Amino acid sequence: MTSAPPREIDAALLEQEEDRGGGVRALLGNQVAGPLAALVLAIIIFGLTTSTFLNAGNLSLIATQSVVVGTLALGQTLIILTAGIDLANGAIMVLASVVIGNLATDGNALLALAAGVLVCVVMGGLNGVLIARFSLPPFIVTLGMLSVLSAVARLYTDSQSYPINSDLLTVLNRGLTVGGVTITYGVLLWIGLTAVLGYALTQTAWGSHVYAVGDNRVAAALTGIKVKRVLLSVYLTAAVVYAFAAWQALGRTPTADPSGYATANLDSITAVVIGGTSLFGGRGGVVGTFIGALIVTVLANGLTQAGIDSLYQQVATGVLVVIAVAVDHFVRTRQTR
Amino acid sequence: MTEHVLEARGLTKRYGHVVAMDDCHFDLRPGEILAVIGDNGAGKSTLIKALTGAVIPDTGSISVNGQEVQFRSPLDARRAGIETVYQELGVAPALDITQNLYLGREQRRKGILGSVFRKLDKASMRHGSARQMADLGIRVQSIRQKVETLSGGQRQAVAVARVAAWATSVVIMDEPTAALGVRETNQVLKLIERVRENGLPVVLISHNMPNVFQVADRIHIHRLGRRIAVVEPAHTTMEEAVAVMTGAKSPESLQTDGGTA
Amino acid sequence: MNASRTVRHIAASGLALSLVAAAAACSSDDDSPASVAGADDVTIGIVELNLSNPFFGTLQKATEAAATAKGWKVMKAEAKVPGDSATQVTAIENMINRGVKAIVLDPANPTALVPVVKQARDKGILVVTVNATLTPIDAADATFATDNTAAGRLIGQWAKASVPANPRIAMLDFDLSDGPAGGRHNGFLEGFGIKDGDPQIAGAALTKGTIETGQAAMENLLSAHPDINTVYTINEPVAAGAYTALKAKGLDGKATTVSVDGACSGVQDVKDGIIGATAMQFPSKMGEMAVAAAEAFISGGTKPQSGLTDSGTVLITDKPVAGLESQTSEWGLQNCWGEK
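Protein chains in written order, with our numbering: chain A, 3 to 339; chain B, 364 to 624; chain C, 2 to 341.
Just so you know, these hints were derived from the structure itself, not from any lab. These figures come from a predicted structure and were not determined experimentally. Quick reminder that beta carbons are idealized off the backbone N, C-alpha and C, glycines included. It cannot be assumed that every hint is accurate.
[Claimed, not checked] So the derived label-pair ranges between C-beta atoms look like this:
1) 190(A) / 308(C): 26 to 34 Å
2) 323(C) / 169(A): 41 to 49 Å
3) 612(B) / 208(A): 33 to 41 Å
[Unchecked claim] Cross-link-like lysine to aspartate or glutamate pairs, in silico, EDC-like; alpha carbons within 16 Å at most:
4) 228(A) / 580(B)
5) 286(C) / 65(C)
6) 62(C) / 108(A)
7) 228(A) / 439(B)
[As the list claims (entries may be wrong)] From chain A, some residues computed to sit far from chain B (all C-beta separations above 12 Å):
8) 43
9) 46
10) 58
11) 154
12) 160
13) 163
14) 177
15) 184
16) 209
Turn these sequences into a full structure, and let the hints guide you.
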C-alpha cells in the first residue's frame, strides 16, 4: 500500500487480525455449517433407527462409495464457482476409463493411465477454450460434449466393457486396515484432492481470482484479472480432477463400462449444490462439496439398510437440493441490498 | 508545464465522420480535485478513456509527471499510477473487504511458502487494508466483512479505497455517486476530499453540479470534443457553468483559470 | 420395453438428454419420402429401441438379416434414448407414407405408440411388436417376446433347489413399475415359493441396471445383512457388480447369484462361477419369428395369432438340479447374444 502514514487504526479492525483461528473459522463458516449439520443429523437418525449403520465398517463403506462422484464433484465445484456448469464431466470420465481399460488390456497400465489423463485434459481443455476464449455458454457447450463423448465412448468400445486386472489401475480400491476397518487409498486420495483444492481456493491468489470471476466478472476484469485465463485454468484443473475420478472408478468397479456412470454429471452437481456452493458462482467451496457427496451416499446407504424403498432416497435427495438452493437464494437476496 | 501530474495536448479521435475529440487539452495539478463536466455526447468519456488507456488517440500527446507516455491498454495507464473508479460498482460482493482491496494484486508469503506454495500473506493484507480504511476514515465493523453486507455507499467506499491504495499519481472517478442516495453520496464526497488530503489528485467526472461545486478545486468544462474553459467554483456560479457547457453562453464571458482551449 | 437392459444405458441426465432427444425427434426423418416403393418391391420397417444396448442391436440385426434373406428392402429407425417414443412415432409415420407392408416394432412406451400403430394398421400394414408389448396387447397384430415372469420363475425354482435351507435373499431390482422388471421379480418369488415381505428376504434395493449401481446396492445390503446367501439380480451387469461387492467381503464362494439375460458376457460369468444360473432369452429368435409372421401376411394375407408368443427362455447353469431342464454354459456360449 502506498498511502500516507497511518492514522489511528480502528481497534475493532485490528482485533480481527490477531485472530489466529481465522482459517478454521472461515472453513466452518456459514457455507459449511448447514451441510455439516445435515450430515450429522442424517447419521444420527440412521444410527438410531438401524442397528448396522453406525459401525466402523459401514462408515468406511460410505466413504468408499462416495469417491467417484465425490471426486467428479470437486472438479464440478471449481467450474460452478465461476458461475459455469459441466454436464460432460461424467462422459469425460467414462471415455477416459474405457481408453485406459482398452490400452491396459494388452499394454502398460501406467501408459494407459497417462493416456486417460490426456483424454481428460484434451476434452476439458476443449470445453475451456470454447467457454473462455469464445465466450460460449457453459451449459450448451458441455451439453453438446456430453452427447458427443457418450457416443464416442460407445463407438470406441462397440458398447462392450473391459475387465480391469492391473494392480496399478485398481490400487485405489485397496487401503490401510486399522482395527479391521479398511480406509481405501481412493478415500485418502479424495481427501487429499479436497485439501489441495481447498488450499488453492482459499490460500492463493488464483483462488481469489476464481471466486471473483464467478462473483462479478466485470469487476474482476476491471481490477486487471485475466478472466479468460482464469476460466481456462479452471476447466483444465477440473479435467485433471476428472482423470483422478476415472482412476477411482476403475478401482471401485474393476470394469471399464461405456454405459456406466450415466447420471454421474447430475449426481456431481447434486453434491455441489447440497454442499452449499451457489450455482450463480462466487460462493461455496470444496469442503462443502465433500460433505455434500457424503450426504448423498449416506441417504442411499441408510435408507437401504432401514429397508425403505429406494425411491424415497431420490425424494430425500431432491428435497435437500431444493433446500440448499432456497438457502442460497435467501442469502444472496438478503445481502444484496 | 511540469507542475502538472497529468497533461494532455492536442488529443484527436475520429470514428468515421464523428469527431469524438477535437484538439483537446487537459491539465491536472498536484493535490487538486478537478471536476470534468460536459453535456451528454460532448466527448468526456472518450477523453477519460484516452487518459486511462482504453482508447488510443489518433494524434496528440499525454504526459504523466512531465514524462510523455503512450498508453496502449488500461494496464499501461495503471502501471503509470493512474487508477479508475467506475460508475458500476467495481467490487466482488461475495469477497471480503481485504480480498477486494487486494484483488489482482495479492501479496504472497515470503520464502518457500510464497514462491513454491503460492500462499497468500493474509495477515499482511489485512493489516494493509485496515490501515487503508482508517486512512480514509471509512468505518466498517471488520475488514473481514463480505462486501455484500455493506451499504451501497460503503461498497463504493471500498472501491475508492482500493483505487486510492494503488494509485501513485492520479485517481479518476467516473460518476462515482450516480447510483447512490443523498446521505451515501455525501460519504463518498468526503472520501474524495480525504483522498486529496492524503496527497493524491483526483479527476471527478460527474453530472451532479452541486456535488461538483461542493468538492472541486477547478472545473474542466467539455463541449464538442474539446476543453472550452476551466473555471474555479469560487468565481463562477453553477448557472454560468451550465450555460457554457450547453453552449448558451460563450466561455470568454467567464473568469477562467489554468488555460483555455 | 425391456427395461433392465434398457436402463443399463439410461443415457444420462434428465434435462440434458431430453433436450437432445427433442432435437433428435425433430430431425429423425432421414428417409426421402419421395421414393415410393414399387409394386414388386416389398419394404418392411424395423423400429428399435436405443441401439447403444447390445440386446437391441442383436434384435435389429437378426430382423434385418431375416428380411433381406427374403429379398425385402428394409427401413430402419431407432429411439435415441430409453423411453424416446417421439422418435419412434415420427419413424412410423414416415414408414406409412413410404408404403411399407409390415412394421416390426420394439416399443419405447406401451401406450404412446398405440395411435400411430392403429393408423398403420388402418392402412393395411401389419404391425408386430418384439421384445415388449403394447397396452392393450392386441393394439398390435402380434407380439414376440420373452415371457419375463417365466424367466424369473426358472431362476427362482433353480435357486430354491440350490441354496441352503436357511436362505437370506437380496433382491437387486430395477424400477418395479417397469413391465419386464416386475415380471422377473414376481416370477422369481413365485419360483422360490415366497411372496414379497417374506422373512427370508433380507433386503431389497433399486439399481439402475448397471454394474456400478449393482455393486453399491449389494454393498449397502451386505452392510446391514452380512448373512445374505442368495442374490436375485435384474440382469447380468447388476450380477457382475454384486459379485465385486461379495468378493470384497469374502463371500464370493458362499452366496449364490441368479440373473436374467443370456448375453455372452453373462454366460461367461456362469461358466466362471460368478453367476449360479441365468435365464437366457433369444433376441434373434424374436426377430426371425416377426419376419416369418410378416412373410405369411405379405404372401398369403394370413395374420399371425394375436397376443404374446413366447420366444423362449432357457435356463443356463453348470449346476443342474433335478426336475428342472437346463443347458450348460458351453451350450450357452454357442447360443448367446452380443459380442462373444
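Okay, the hints, checked on the actual structure:
A hinted range of 26 to 34 Å is violated for the C-beta pair residue 190(A) and residue 308(C), which are about 58 Å apart. About 43 Å separates the C-beta atoms of residue 323(C) and residue 169(A), a value consistent with the hinted range of 41 to 49 Å. For residue 612(B) paired with residue 208(A), a C-beta distance near 56 Å fails the hint of 33 to 41 Å. For a cut-off of 16 Å, the pair hint linking residue 228(A) to residue 580(B) is broken: about 37 Å separates their Cα positions.
For the proposed pair residue 286(C) and residue 65(C), the alpha carbon gap of about 12 Å is at most 16 Å, so the pair holds. Among the hinted pairs, residue 62(C) with residue 108(A) is inconsistent with the structure: their alpha-carbon atoms are about 30 Å apart, more than 16 Å. For the hint pairing residue 228(A) with residue 439(B), the CA-to-CA distance comes to about 15 Å; that is within 16 Å, so the pair holds. Residue 43(A), annotated as away from the interface, keeps every beta carbon of chain B farther than 12 Å; the closest lies near 27 Å.
Every Cβ of chain B is farther than 12 Å from the Cβ of residue 46(A); the closest lies at roughly 32 Å, confirming the non-interface assignment. Under the 12 Å C-beta cut-off, the non-interface status given to residue 58(A) relative to chain B holds; the minimum distance is some 34 Å. With 12 Å as the threshold on Cβ separation, the claim that residue 154(A) sits away from chain B holds: the shortest Cβ distance comes to roughly 36 Å. For residue 160(A), the requirement that its beta carbon stay farther than 12 Å from each beta carbon of chain B is met, with the minimum near 45 Å.
Every CB of chain B lies more than 12 Å from the CB of residue 163(A), the least distance being 41 Å, so the non-interface label holds. With a closest Cβ-Cβ approach of about 28 Å to chain B, residue 177(A) is found to remain outside the 12 Å limit, as its non-interface label requires. Distance check on residue 184(A): its Cβ is at least 32 Å (rounded) from any Cβ of chain B, clearing the 12 Å threshold; non-interface status holds. Against the 12 Å criterion, residue 209(A) falls within the reach of chain B, whose nearest CB is about 8 Å from its own CB.
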